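With the hints as extra help, turn the sequences into a complete structure.
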Amino acid sequence: MSAEATTTIGHDADHSHEAHPNRDMVYVKVAAILAVITGIETFTYFESVVDFGRLTMPLLIVCMGAKFYLIAAYFMHLKWDKPILRRTFMVGIVLALAVYIITLTAFRFWDAVDVMPK
Amino acid sequence: MAETMTAPAGTGHHAEHDDHAHVTNTGISNEKLGMWLFLGSECLLFGGLISTFLLYKKKLNTFPGFENTTVNKLGANLFDIPFTSVSSFVLLMSSLTMVLSVSALQRDDLRRTRLWLLATALLGSTFLAGQVYEFTAFVKEGLGFTTNIFSSAFFTLTGFHGAHVLIGIIILMTMYALSMRGRLSSRNAEALEIAGLYWHFVDVVWVVIFVVVYLIK
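Chain order of the listed sequences is U and F. Under our numbering, the first residue of the first sequence carries the number 1, and numbering increases by one thereafter. Under our numbering, the first residue of the second sequence carries the number 119, and numbering increases by one thereafter.
The hints are simulated quantities; they were obtained by calculation from the structure and are not laboratory data. Predicted model only: the values in this text are computed from it and were never measured. We put the beta carbon where it would ideally sit given N, CA and C, even for glycine. It is possible that part of the hints are untrue.
Listed below are the simulated SDA-like cross-link pairs for lysine to any residue, each with C-alpha atoms no more than 25 Å apart in a straight line [said to hold, decoys possible]: (1) F:Lys-177 - U:Arg-108; (2) F:Lys-335 - F:Gln-249; (3) U:Lys-82 - F:Ala-237.
Which chain U residues face chain F? A few, computed with CB under 10 Å, are given here [to be verified]: (4) Val-28; (5) Leu-34; (6) Ile-71.
Listed below in structure tokens is the structure:
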């Protein structure tokens, strides 16, 4: 195990101020982007204002994914933290997605007509 | 194995200030790794609740006894999207104040740390108050927890999220109290960072709920 891979509990690997650069402006910019995306999401609901038609659903999912990424990467520091944390979180997300897509498929959620037992 | 390793150069002087400090072989403190594992498992919890909501939302139209009834109409039509959008914005901004609080503590700026912590708790409380108002409005309209399967799934999902926000606010206020007692500084800034991870996760879950529950028709 390399020396770089060790740390002390309660401290990051490098505790100096250089290890914590001031990223406040980055955070503010990310928050501004998140606010804009939320605004776009909200507008999709009001078809009388902007009608995205068939693009509404994909657009909402892209917006949701973008917000999810921005919060996890910047606010939760996954962009700068050790890869093991990214992998740990990704395992949870992928596992949840896989399990519940299978569950929804088993209940024929994707069928156009409801065929669930009454 | 971990006990036999030595601290890397540059961190030893910190270890000697902290009686509890010891080395981990992942390079990450056990507390932080534990929080990430917990958040990974929370994905499964909320994934289950969201899947159930989706299934029941689809099922609502054909649920025996509820076809073409007034109760059947009481569902997504009740959502006040502008109101919920403002609530979502408030929660997003609470994530910003949270990360600014952690950043301030890492710079040993305790005054700003406390200020941003209070702002985060206040924004979280505003979101929670909005949720209580929304629930109350729904019940007044006749959509209670047991009205139909849609309402049961909706209240369970958003209620669980609200409970997480409430726990987050309690954690934030605990951090604030610790800082007032002088037990929070840049030396243990990771404790606040871990609390922040929980708070951001609550925000991330709402990002999904806002789209899946409220916006997708």
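Tested hints:
Of the supplied pair hints, the one linking Lys-177 of chain F and Arg-108 of chain U holds, its CA atoms being roughly 11 Å apart against a limit of 25 Å. About 20 Å separates the Cα atoms of Lys-335 of chain F and Gln-249 of chain F, which keeps this hinted pair within 25 Å; it holds. Restraint check for Lys-82 of chain U and Ala-237 of chain F: not satisfied, since their Cα atoms lie roughly 29 Å apart, outside the 25 Å limit. The restraint placing Val-28 of chain U at the interface with chain F holds, with a minimum CB-CB distance near 7 Å, inside the 10 Å limit.
The closest approach between the C-beta of Leu-34 of chain U and any C-beta of chain F is roughly 5 Å, which is under the 10 Å cut-off, so the hint is satisfied. Taken as an interface hint, Ile-71 of chain U checks out: its beta carbon lies about 5 Å from the nearest beta carbon of chain F, inside 10 Å.
In summary, the structure is inconsistent with hint 3 from the numbered list given earlier, while agreeing with all the others.
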